[in-house]
Structures are given as C-alpha cells and as structure tokens.
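Chemist: Now that you have both chains on their own, put them together as the hints suggest.
Protein sequence lines, in the order shown, are assigned to chains A and B. Quick note on the UniProt record's numbering: the first sequence kicks off at 1 and runs consecutively. Quick note on the UniProt record's numbering: the second sequence kicks off at 1 and runs consecutively.
A couple of the hints might just be wrong.
For each label pair, taking beta carbons as the anchor points, the in silico distance ranges come out as [unchecked claim]:
1. B/Thr287 x A/Lys146: 33 to 39 Å
2. B/Arg497 x A/Lys111: 40 to 46 Å
3. B/Glu491 x A/Gly47: 31 to 37 Å
EDC-like, lysine to aspartate or glutamate: derived pairs with alpha carbons at most 16 Å apart [to be verified]:
4. B/Lys463 x A/Glu209
5. B/Lys590 x B/Glu607
6. A/Lys111 x A/Asp180
7. B/Lys333 x B/Asp136
8. A/Lys146 x B/Glu108
9. B/Lys506 x B/Asp447
10. B/Lys152 x A/Glu235
11. B/Lys110 x B/Asp59
12. B/Lys152 x A/Glu35
13. B/Lys504 x A/Glu31
14. B/Lys218 x A/Asp159
15. A/Lys163 x B/Asp336
16. A/Lys163 x B/Glu567
17. B/Lys504 x A/Asp63
18. B/Lys463 x A/Asp53
For the record, the hints were derived by calculation from the structure and aren't laboratory data. For each residue, glycine too, the CB sits at the ideal point set by N, CA and C.
Each chain, letter by letter, is given below.
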Amino acid sequence: MTATLEADAPAPAGEIPSFTVTMRVRRFNPEVSEEATWEDFTVEAHGTDRVLDALHKIKWDMDGSLTFRRSCAHGICGSDAMRINGRNRLACKTLLKDVNPDKPITVEPIKGLPVVKDLVVDMEPFFASYREIMPFLITTGNEPSKERYQSPEDRARFDDTTKCILCAACTSSCPVFWTDGQYFGPAAIVNAHRFIFDSRDEGGSQRLEILNDKEGVWRCRTTFNCTEACPRGIEVTKAIQEVKRAMITRAF
Amino acid sequence: MQTHQYDVVIVGAGGAGMRAALESSKEARTAVISKLYPTRSHTGAAQGGMAAALANVEDDNWEWHTFDTVKGGDYLVDQDAAEILAKEAIESVLDLERMGLPFNRTPEGKIDQRRFGGHTRDHGQSAVRRACYAADRTGHMILQTLYQNCVKQDVEFFNEFYVLDLITDHDLTTEQIAEGEEVNATGVVAYDLATGEIHVFQAKAIIFATGGAGKIFKTTSNAHTLTGDGMALAYRRGLPLEDMEFFQFHPTGLAGLGILLSEAARGEGGILRNSEGERFMERYAPTIKDLAPRDIVARSMANEVREGRGAGPNKDYVLLDLTHLEPAHIDAKLPDITEFARTYLGIEPYTEPVPVYPTAHYAMGGVPTNVKGEVLRDGVNVVKGLYAAGEVACVSVHGSNRLGTNSLLDINVFGKRSGRAAAEYARTASFHELPEDPTVRVIAQLDEMRNRPDGERVADIRKALQETMDLNAQVFRTGDSLNEALADIRELQKRYRNASVQDKGKLFNTDLLEAIELGFLLDIAEVTVVAAINRKESRGGHYREDYPNRDDAHYMLHTMAYRRPPEASDQAEGHIEGYFDHVEEFDGYKVVLGSKPVIQTRYEPMERKY
Numbered sequence: 001m002t003a004t005l006e007a008d009a010p011a012p013a014g015e016i017p018s019f020t021v022t023m024r025v026r027r028f029n030p031e032v033s034e035e036a037t038w039e040d041f042t043v044e045a046h047g048t049d050r051v052l053d054a055l056h057k058i059k060w061d062m063d064g065s066l067t068f069r070r071s072c073a074h075g076i077c078g079s080d081a082m083r084i085n086g087r088n089r090l091a092c093k094t095l096l097k098d099v100n101p102d103k104p105i106t107v108e109p110i111k112g113l114p115v116v117k118d119l120v121v122d123m124e125p126f127f128a129s130y131r132e133i134m135p136f137l138i139t140t141g142n143e144p145s146k147e148r149y150q151s152p153e154d155r156a157r158f159d160d161t162t163k164c165i166l167c168a169a170c171t172s173s174c175p176v177f178w179t180d181g182q183y184f185g186p187a188a189i190v191n192a193h194r195f196i197f198d199s200r201d202e203g204g205s206q207r208l209e210i211l212n213d214k215e216g217v218w219r220c221r222t223t224f225n226c227t228e229a230c231p232r233g234i235e236v237t238k239a240i241q242e243v244k245r246a247m248i249t250r251a252f
Numbered sequence: 001m002q003t004h005q006y007d008v009v010i011v012g013a014g015g016a017g018m019r020a021a022l023e024s025s026k027e028a029r030t031a032v033i034s035k036l037y038p039t040r041s042h043t044g045a046a047q048g049g050m051a052a053a054l055a056n057v058e059d060d061n062w063e064w065h066t067f068d069t070v071k072g073g074d075y076l077v078d079q080d081a082a083e084i085l086a087k088e089a090i091e092s093v094l095d096l097e098r099m100g101l102p103f104n105r106t107p108e109g110k111i112d113q114r115r116f117g118g119h120t121r122d123h124g125q126s127a128v129r130r131a132c133y134a135a136d137r138t139g140h141m142i143l144q145t146l147y148q149n150c151v152k153q154d155v156e157f158f159n160e161f162y163v164l165d166l167i168t169d170h171d172l173t174t175e176q177i178a179e180g181e182e183v184n185a186t187g188v189v190a191y192d193l194a195t196g197e198i199h200v201f202q203a204k205a206i207i208f209a210t211g212g213a214g215k216i217f218k219t220t221s222n223a224h225t226l227t228g229d230g231m232a233l234a235y236r237r238g239l240p241l242e243d244m245e246f247f248q249f250h251p252t253g254l255a256g257l258g259i260l261l262s263e264a265a266r267g268e269g270g271i272l273r274n275s276e277g278e279r280f281m282e283r284y285a286p287t288i289k290d291l292a293p294r295d296i297v298a299r300s301m302a303n304e305v306r307e308g309r310g311a312g313p314n315k316d317y318v319l320l321d322l323t324h325l326e327p328a329h330i331d332a333k334l335p336d337i338t339e340f341a342r343t344y345l346g347i348e349p350y351t352e353p354v355p356v357y358p359t360a361h362y363a364m365g366g367v368p369t370n371v372k373g374e375v376l377r378d379g380v381n382v383v384k385g386l387y388a389a390g391e392v393a394c395v396s397v398h399g400s401n402r403l404g405t406n407s408l409l410d411i412n413v414f415g416k417r418s419g420r421a422a423a424e425y426a427r428t429a430s431f432h433e434l435p436e437d438p439t440v441r442v443i444a445q446l447d448e449m450r451n452r453p454d455g456e457r458v459a460d461i462r463k464a465l466q467e468t469m470d471l472n473a474q475v476f477r478t479g480d481s482l483n484e485a486l487a488d489i490r491e492l493q494k495r496y497r498n499a500s501v502q503d504k505g506k507l508f509n510t511d512l513l514e515a516i517e518l519g520f521l522l523d524i525a526e527v528t529v530v531a532a533i534n535r536k537e538s539r540g541g542h543y544r545e546d547y548p549n550r551d552d553a554h555y556m557l558h559t560m561a562y563r564r565p566p567e568a569s570d571q572a573e574g575h576i577e578g579y580f581d582h583v584e585e586f587d588g589y590k591v592v593l594g595s596k597p598v599i600q601t602r603y604e605p606m607e608r609k610y
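Next up, chain B with everything else stripped away, as it sits in the complex (with noise of 0.2 Å):
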C-alpha cells in the first residue's frame, strides 16, 4: 500500500476533470487519478459543438440560450445554474480558444457558429446559430485541447489507476448528522491497474469527474468503460443520487451498435423512414417533423418499430435517408457519419439508408451539487472538500433532457468552477485525518471477488441487466416494465454474488476489474428504476405510458435517492406522501426517495412546444 498526499485529487481524465485540473493545480498541489489515459476519456466521442452566445454570425444573447436551457429540460433545470451555465459559456468557449482549440472559423477569421436543435432566438422564435465547433470532432478537440494544456502545466496524472473508493469522515450511510455538525470528504483509495497495488490519496479538496453510467443499458454510444462509477461511490457511501430516471435516448444510433449519428445528419436534410418508406415524423410532429427534439422522435421511432413498421430483416430499426442529398454536401457536412456507416454497416449513404434506432446517450441525474460543484449530502448541506463536476454531476443545468451542445459547455464551466472552488478551499483547510487503516472496504472487496469459488460469468450477468434495461426501462416506460426491471435487478444482484473471475493475478487484471465494474452498475439502474417507478408522469426523457402527461403539480421536484440500512426511516428528506414515498428494501439496505425544491427565477412553467 502506497499513500499520497495532494491538496487537491481529481478522479476522472475526461473533459471536467482536465477544466479542473488546470484551475486547480495553478493554486494547489493537484492530481488528476484516472481509469484511462486521458485521451481515452469519452468527451472525446462528442461530435456536434458547445453552445455559446457570442454572437459572431447573428444576433443572439446568454438570456436566450438560458431559457431555451431550461425548457428544453421541461422546467426540471434549476434555473439559476442555467443562467450561470449560458453566461460562462462565452468566457468557455473563449479559454478553449486561447488554450489552441483549433475552431473552425468565418471568413472574418471568428469562431464559426452553428444551428443545433433546441436552440432559438429570442425564445422559440426561430432557430439560432449557437454551436461553436470544430468539425464534427468538437469534443475530440476539446479534450486534446486540455491535455495538451495539462502537459503545458505539467499536472500530475494517475493513469489507469481505478478509484474503488470515497472516504469521509462520518459514515452518511448509518450516521445521523447533527445540526451544523461537518462532514468532511478526507481521500480515495485507488486501485493501479498495471501493479495490482492500492493506493490512498489524501487529499482537503476531492473533485468527482468520472462520467456517465450508459453501459447499464444495451444498446448506447457510450464506452465500455462508462460504469457509473463515481456515481455508484458516492451512492454507497450514503450520499444521495439526483434525478436519476432522466436518461437521454439519442434518436439517431448506428442499428445494433448503438454508435452515435450526430442530429447534423437531420439538420443537413436527412429524413426518417419506416420500412413503408414513410417519412413518419409527419405525422408525430407535423410542423417540424424530423426536427423536432430527441425526446419526441426517440419516442416516435420506438412506436413505428412497436407497431411492426421497422425495417430489416427483423423488423426491429428505422432508416435514416440521405439519399436524395448531393455526395458532395455530405462529405462536406457529414464526414464523420457516412465514414461510420461505411465502415460499421458495410452502407453507402449516398445511395443507401442508414438504419438506426435510439441509444442511451446521456443522464442527466447524478451527484447533486450546487453551483460551485459542491457534493449535497441531502437538500441542503454539502459535504465539505467534495466536488463534482460533468456527467457524474447533477447541478441541475439539463433537467429532464438535456439540449445538445449543453454537455461540452457543462463540463467547461463547472469543471472549471470547481477547480477553483476546490483550490480556494484547499488554501485554508487541513488534511483529515484518515481512518486506521482506510483500504480495510477495498482489499476485502477485491480479495473475495478474487477468491470466489467457479461461478457465473460476469458478461452473462452483465448482459442480461443491459437486455432487461433496454427491454423495460428505455424510451417507453410503465410501472409493470418498470417494475419488471427492478425484480430482474435483484435476480441479479443475487448471481452476482456468485459470479467469478478467471483471471486471479495482480498484474492488468481487468477481468477482476470488469466485475467490479458490474457491480457500479447494477447499483445504478437499481436506482435509475426505482427513482422512474416513483415518478408517475412524463416529462423530458423519461416517458410513463401509464401517465403520459407532465405533473407539475406533484412532480415538480427533484428525486433524491439515498441508499439506507433497513432499520433506518422510510421517509428521507423532502418525503411526499403519495409522491416521493417510494421504498424499495433489498438484502441488506433499502432505496428511500424524496425530493428537493426545483430553482425557478424568472420563467414560469410552460407547454413545452416547438
């Protein structure tokens, strides 16, 4: 065992934790821990841009991009981080250019902007150029861009090295905390994947940056490694999770694969078909048809397929057409796209359509935080030297579905917000003292997977959670699917204490790692389901066909999710009864759901309409 100390540890390489990383280490001794190398981090697969009001091809202005943020979140954004969100975007955008962003450009020489879908001028009045871009490898840019930054400040990395735990200085999973009492985050506990050794980082300030959680379903754009592990840690060790049931399901996957076809490809004048030919959207949205947002045509694909009009041999995708575009204009527009279909599909979208179906892409729930990244352990208070910051995050800037282009903006301005908030607070504090011996919940952990006895593989496991999450609890929703996920969950949960490894050694062991992988992950749709099942009205990315309309009058709130012993109280903070009253008791624990008050400011709850 091997223990750091650092003013600040940062857990996660994407693109908050290097917008972190570079605040951070110009005032605090930082280090970045990481499961990848950095470049191998997921902000790397964004495609589309990171809006932003500059104003540099027509008018437009922050207060616009903030309320087009917060009813593109169907009203669930608190509306002051938003307001922060579209106003630091402008400062954003222009770091990332005086880092070297290589943007495309005007002919004047500015940063090019571009449409992108839920963005409008003057509130809904027509569609707006907001996107700043680079290609369609804006997020590629992004994160070369800050590592190369990081190599320029010389930041300190842990690469390949799995953070496999939090440490706090109260148990929040058994503790009542008194009034004004502190709770301190104090280290992590790594795992160096190349040695098989564990590693405590000490640290006054912890940023989460870990990413998202797509992996719980089946059919996602997201990486292999996107396990919801931070999320999972912080649910474990008592904190709350936020908003959880919100997943966005991007319309436009590569068939079977899931990979993602930017919405430029409908923007550029691709259409949506059924195996009929049928350009369905027309009749899900007539006045803006294929447009219209990820939401609704996720939804209206999921229903053509329901209904028996998908295409292909098992009936089971619709088509993307763009065939009647100019080869040109789509090598011009639409690299990226035609290069992925060709190479994944064997289809030549200049005379073929690309079949593709919804993937999960996004959640919009999370580590509760407020605007300075601060960890919530309830409604109220934070825990003090704990950060979180991008997907893993919950601020809450998308509500319940998120705009594009929003995400590349969220991590740059709250990466950065919490890489000063972390490094200020570093300033004054003092380390914690840690516990006797802080690895003892790790080794035990790795040491009985290792040491299982021959049992279930963990893929099998795995996979029958990700085929249960896209079966009943993907774009459509009711409370039997719904309730039809969380016992196969437990069904699951159970033969995961029998799954095993094969591989027992110490050195790159990453089938002992996949299954503690396996572990984040049944974690979360367990609470990703429960949260669903105790919402009982659509909105956003979260649609219940058993209560299709939104409910502002009992569900405008947050869900909090707090995993609890048995013996502790049914009701959590912010219980409703009747409406965030659910209680799920597994072995051992049980998921208590309450809620948290939504920030509204200065715009009413309205019809969501495009």
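Same shape as in the complex, but just chain A (with noise of 0.2 Å):
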C-alpha cells in the first residue's frame, strides 16, 4: 500500500493534503507468542500528523492491543522514542510526511533494551546507568543561606546537556551500546556532563572515576550516532568528548 493524494478533495491552497499511510509495526507479545513479527496497518492520516497520531489511530480505531508509552505528546516528557524507518526518534516529533509516507513506515522498539511487548522495552537498564553517575549536584561545607552564585559565562558551560530528557533514543541508537549492555552509554555520560562542567560542583572526580571504568567513556567509538537520534538537538558527542578530555586534563 502505497500513499495516494485524494484528488476529489483538493486542499485549500497552504494546507497540506490528507493522505494514506501503511504504518509496518514490529508486534511483540510474550503472551501469546515467543517471536516477534511485523504487522501493516493503513491509517488515514491528515498533513501535520504525527507517527504518535499513526499509532494512536491504530489503537483507538483498530487494534486496542497496541501497546507502547507517550504522555505529553510534543517532544518533552521522553516516553515514545522508538526507531522509525531504521532511526531513533520521538513519534510525537515525527511528522508522517517527513519520513517518506509513499512507502510503508516501519516502527520498532528501540535497539539494545529488553522488549516488553510491541514497542514497550524495560528502561530499567537505563535508568540504572544514569543513577551510577551520580546524576545529582555534590557540595562540601554548610549549606548557604542564599543562593550560591554562578556567572552567566559558567552557566553557559554546561546549558546543552542540561536538556536531556532521558528518552534513551541516544543510548540505543549506539553501536557499542548495543553489543554491550554494560556500556555506561551516552545518556549517562551526558549527564555525567552536566554536573562536571557545573561550576557549583565538586563531584567531578567521583564521576570521572565512575566514567573510566572499562565500561565507561574509553568505548565510545565516535560514531555519532547519539547525536543524530537526540530530539532535544544537544550535541552528544561533543559532549562525550569532552568528559574524555577531562578524565586526561582534569580540567574541568
């Protein structure tokens, strides 16, 4: 099933036509059986919608045994990263038109992680690297009464990575990652970033230690990867590279 424009219902000149979509889906579901397999659905979708409009059509009007996580819908809360068209990706940022809705529009889980069911994986192996780097503020001394100062150059330092959303589409887009599973993973390591390059910290040596660890930042391959499958735009590689620079320099 190909796209097709409808041709009786012309759209008002600016409006992007509706059209009609084959949404190939992998299908997981240990209740029923062991293998996973792919299933077609054609939706009719309209210009601005999303691969999240897709699957929810699927599920509200056709199949309610879809399964797969999205909560605020655009961009922010990190649920329905899954891997589009062989890439990681929001589906609440996806448009449907962008993404070549002529052919079918594969949708999986994300690479690397436990399947649950359909696009469903255990984020629990993520979540547990991410609270091994001490993703948290560490300070000496009393506590001020005010706030603590920071300048404006220092906060700059480390913005980018403070807008990690935790959606895992970097981890699991990584080649390293995905033939092992111990690999702290971009994710940690970018927010591993976020703290070392915090001018209010003083943890950055317990996380380079953490990070140097044979399963730390040296397995990065720079394949950047990560950085393509970010939906908050943040540099992860960059990132990556500069916590190894770091852990040589000790200069953070």
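Modeler: This is how it looks when you write it as structure tokens:
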C-alpha cells in the first residue's frame, strides 16, 4: 500500500492534503508468542499528523492491543522514543510527511533494551546507568543561606546537557551499547557532563573515576549516532569528547 | 496480590509528589507510586518560570506577590494560603538552587528574574520582574532537579503503578460521621502495569499528587495521561471536590493541537490578529491590549472566531504575529515556540504568523486541603493521614484564575508542606487496620471491564466527551450549553457501561488502563459541569454569558461538590437556597453542592482592572 493523494478533495492553498499511509509495526506479545512479527496497518492521516497520531489511530480505531508509551505528545516528556524507518526518534515529534509516507513506515522498539510488549522496552537498565553516575549536585561544607552565585558564562558551560529528557534515543542508537549492554551509554555520560561542568559541583573527580571504568567513556567509538538521534538537539558526541578530555587533563 | 507497608505513600511523581518525597523520606519510610516514570510527569512541560519576590533585579516583596495572587484569582483565593505561598516562595526557590537547579543568572551571578502576566510592583503600579527561570524550560529543570535529588536520597519508587483505589476506615459515601469522630486514610490499591498484579499499600499517611485533568477537553496543553485520577478517586470515596467549575484556558495554544506557546511571546512584542489582520485586542482591552489577563484574552480570541473573523480555511483560529520582531530576538527569547511552530505546523515564525487558539490548561479546583496539605472531608474536618498537593489539590491559592508562574511555585511550597506534615504525622500515628479484602472493588472493576462482551470503543466515548466539553463548557458558557454538556455526559456514562477493551492480557495492558481512565474523565467532567451550572455569575476562568458579572453578594464562596447515594439529603454543608443548592440525580447516585467560605485577611474585593 502506498500513499495516495486524495484527488477528489483538493486541499485549500497552503494546506497539506490528507493521505493514506501504511504503518509497519513490530509486534511482540509474550502472552501470545515468543516471536516478534511485523504487522501492517493502513491509516488515514492528516497533513500534519505525527507518527504518534498514526499509532493512536491504530490503537483507538483498529487494534486496542497495540502497546506503546506516550504522555506529553510534544517532545518534552521523553516517553515515546522509537525506531522509525530505522532511526531513533520521538513518535510525537516526527511528522509522517517527513518520513516518506509513500512507502510503508516501519516502527520498532528502540534497540539494546529488553522488549516488554510491542514498542515498550524495559527502561530499568537505562535508568540504572543514569543513577550510577551520581546525577545530582555534590557539594561540601555548609549550605549557603542564600543562592550560590554562578556567572552567566559558567552557567552556559553546561547548558546543552541540561536539555536531556532521558528518552534513551541516544543510548539505544549506539552500536557499542547494542553489543555491550554494560556500557554506560551516551545518556548517562551526558548527565555526568551536566554536573562535571557545573561550577557549583564538587563531585567531578568521583564521576570521572566512575566513567574511567572499562564500561565507561573509552568505549565510545565516536560514530555520532547519538548526536543524530537526540530529539533535543544536544551535541551528545561533543559532550562525551569533553568528558574524555577532562579525564586526561583533569581540568573542568 | 502483594501487600506493602510504608509510613508515607505518595501517589504521583511530578513536582509536588517528588518535592513531598524529598521531605518525608528524610523522616519516614516513604514510597512514591507513579503511573509514569517520574521524569515523564507534566511538570516538565512548564515553560515560563516560578514566582518569588527575591528582589534580585528590582524592588519587590512577598506582600505585593500575595496581593497579585489574590487579585489574579478574582478574590476567590483564600488569603491566608496566598500569603504562605508568596512568603515561602523565596525559600522554595533557594531550596531548588541548592539542590542544583540551573537557573538563569544575572551578570553578578544571582538568580535572574523576569516579568510575567499579573505580577506587579506595589499593588498594580507596573510590571515587576518576579519569575525565576531557566531559559524557557523551567518546569523541565524543576522536574529533573527533583528527580536527581530523589536519586541522591535513594527515594523508593514504584513506577508505572496505577493507583486505582483509596482506602479509608469509614465509608464516606454513605456514613454519617458523628461529631468528633476520626476518619482515617489507611492505604491505596495499585495496579502494576508491567505485570497486571494488584498491590496493596498500607500507610500511616498518604499524599495525593496526581496532577490535573485537562483531558476532559479536546484542545488542551495537558498530557494524554492527565485524566484526573486522584480527584476522581477522592470523589468516589465520598470526599468533596472544590471549585471544579474554574478551569484555565491559556490563550495561545497551537491551533488544532493545543500545545502551549508561552505568554512570553506577547511579552516580547507578539501581536494577536484576526483574519482581517486586525489587532483585535485593541477593541477588548484598549490599554494593555495583548497583555491583558489570560481569561480576557482567551475570551476575546474565542469571540473573534465566533463572529466569523477567525483565520484559516475553517476560520477557527487567530494568528500570533511575530513577523515584525528581529529573527535574532526570536531566537534569543523564544526558541521553544519557534521550534514547536516549525515542527508541528510547518510555520516559519520569522515570516509567517502562527495559528493559535485557547487551550485547556489548568484546573484551579480539586481536592480541598488546608494549608498543611491535609484533605478536608467537609468544610472543616480533615481525613487523618490524607494529604494532597499540586494541581490535584485546591488550597485555594489560585481562586478562580491562576497567575502564570504560580503553579510551579504551588507544587514546591505545598509539596514540601504536605511532605513534612505527612512525615510528622506518621512519626506518632499507628497503622490502621485494612478491610479484610481491600482489593475487592478494584479487582471487580478490572475483571468486569476486561470480560465485557464486545461493545463500544473507549476512544469513541472519550472523543465525544472531549468534543462536548470543548463545545459547551469552554471559554464561553451558558446555562443552556452547560445543560447540553451534562446531557451528553449522562449519555456517555451510559455508553461507557458497554465500552469494551480489545486487549484482554495481563502484561502492559494500556488498553485496559485507558478504559479505567475514561471513567475518571467522565466523573471529573460531570462535576465540572454541575458546578458550572450552579455558579450563576462570571468570575475568573468561569464565564457565563447569561450572567456576565461577578456576584460577590451570592457567590463569594467556594463550591463544594459531593457524590452521594440517591437516598442521601439534598443539602450538603454550606447549602444556600437559590445559590448553592444544585442537585443532579444520576443512575445510582447524585451530585450535591454546598459551599465553603473564602478566607479574607487583608484585601477587600475590588473590581478587577489592569
């Protein structure tokens, strides 16, 4: 099934016409079968519909058993990272028209984490790596009675990595992570970066020690998959490089 | 079935829930139960800032903030609570900074502050820079920082667990509670989405922090998961809901999608235009135009569309025009808005105006609490061991219209307060016995839903509900439109009994949970509309075209809505003949309305002019 423009209902000028699209979804339900299979659904879509809208149409109008996570539906909560046409994206931020609806659009769970059901994966290993890098401000001495001061320049130093929404699009796009689930993965390193380069933080050395582990930053092969996958536009590979450099120079 | 015992159980892991957890877990054995992973909560979608009179950039004090909050809420605010909110705002912001929140900074390195709607210097003299912010991602930073500190404190989470029942030692739906007798909350029943197992949590203290109910409307800035669970559970167990008729419609949602575009767009010079290119706000608010309060702007926009001056092929939105602003200025000040418009509508805001329409945003009402976060079971008495904080609660610091940046503040101030109060209570309280089988209602409900013969689709009923709410209970309301909404809701409640799910499995059955959530939505929509029918005046977010004026003589009172059995009295506490006396009979129960006085301390109600 390929997309066809509706010839009899011309769209008003400037409007993107409706179209039909085939969603080819990876299905897996361990209560039914140990095997994952592909299933095609044909969906009527509006011009500005996102992949999440198409999945909702399937779930709400065709097959209620289709299972995926979602919440905010505008790219902030990080629930719906999926592999769409072979690339990690957020379903709620990916417009159908932008991923070639002329051909079937494939939707699979993100890779490297155990699949629970359909597009849902077990996120626990991902969050476990995150928790291991001590993702919180570490300070010594007494709490100040007012705020800690920080210059705008110091604040800007780690701005990029504060944008992370923990969607796992980066980590689950990393070939090293696919073959070695013990690797901390880009997201954990991004969140370490967020604190290592925060001028208020005093736990940088501890975090670098953790990331100097054999499953730490040195596993990164600089393939840039993570940077391409990040729906928040974080320069993930650059952040990892900065952590590597800090490890050598101990300057941060 | 598994049974757990904790001193404090917190339901919900957004800003209020995690802020409470950071307090209570220091003192008491605490569990946080959340239907989402904590970082998925909708606190993360907040953009603008968090108000606190730090006076870092200009003269300010918490008394001015209190006044603005009271006036912004059209005087339906409990003034003692507003004073606490404004006073404790300062420490709440400093708490977050000490926890690591990356606020934007002034050149000297202090927390920077900016202007926001309704926040003024010296009781309305001029706008004041009171909102502490982190770019246009303040909510994201708050949610992340709170979660980070929960990791640091090793807070115990039960993620993707849906709380489906609240257990109390008296049945408040039917029992008359004798004067002086205690009612205790004893536990909650939860459903583990991953396994389908039922878990019972026995607790000395329970905090509801489950957020809002924006999904009763079609056009909303709220997440799919904001289905009013906590409000509906309390209501079903016989607890009142307060001021549910007051729902805030944010003026600038992306048309057709409802995704929020911050008020900052107009603060930076953006202009609203109709299909004729006219700056229509000049007609509605000649002095402050596009920067009028949210309720006025939302009504003006809706009126333009209704009178045929909407833009677009269906004339169903207006335009937010930023094209006269320098692209560099837009990039520096409004990066998220530009990205949303480009991603979702394919609009380039440098050169094209952005289609916008009011979007259901925030429930001012909710589960009534006192200033310690304790949940009220009537106008005066509390349920021992039960607390609520955040959007699920009504303290009431927002009255009939919340000011921007006061919600991120609310979750921090009252999250912290309820967490402390719950832990303190748990220190001396003992566990109360649970009923012999506390899961009986939940299991029956789930089994019944799972085993129904093939019937109607849940999504069809939900869509019809959202459509009637948008059509009949949105920015403009009349007695007729509200009664139409109520008739539709009753019809949908009947249809809901025959709705079925297709997924009959145990593992990760989101089909089943969406069906349960629809039940919550129907309850919340019903009580919202019934309270709106009763309130024959216009105040803040509740605008009745058939009663366009504020009526302090009769309606300077909080609405208290109770669900009661059909044989119960029609007169709830605070019943006032002719004003707070509305009763709606449904199949098997009725909604009874009473009232609760508004607490006034230092501010006399005045006409609300800006």
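Chemist: Against the structure, test the hints numbered earlier, and report the numbers of the ones violated in rising order.
Modeler: 4, 5, 10, 12, 14, 16
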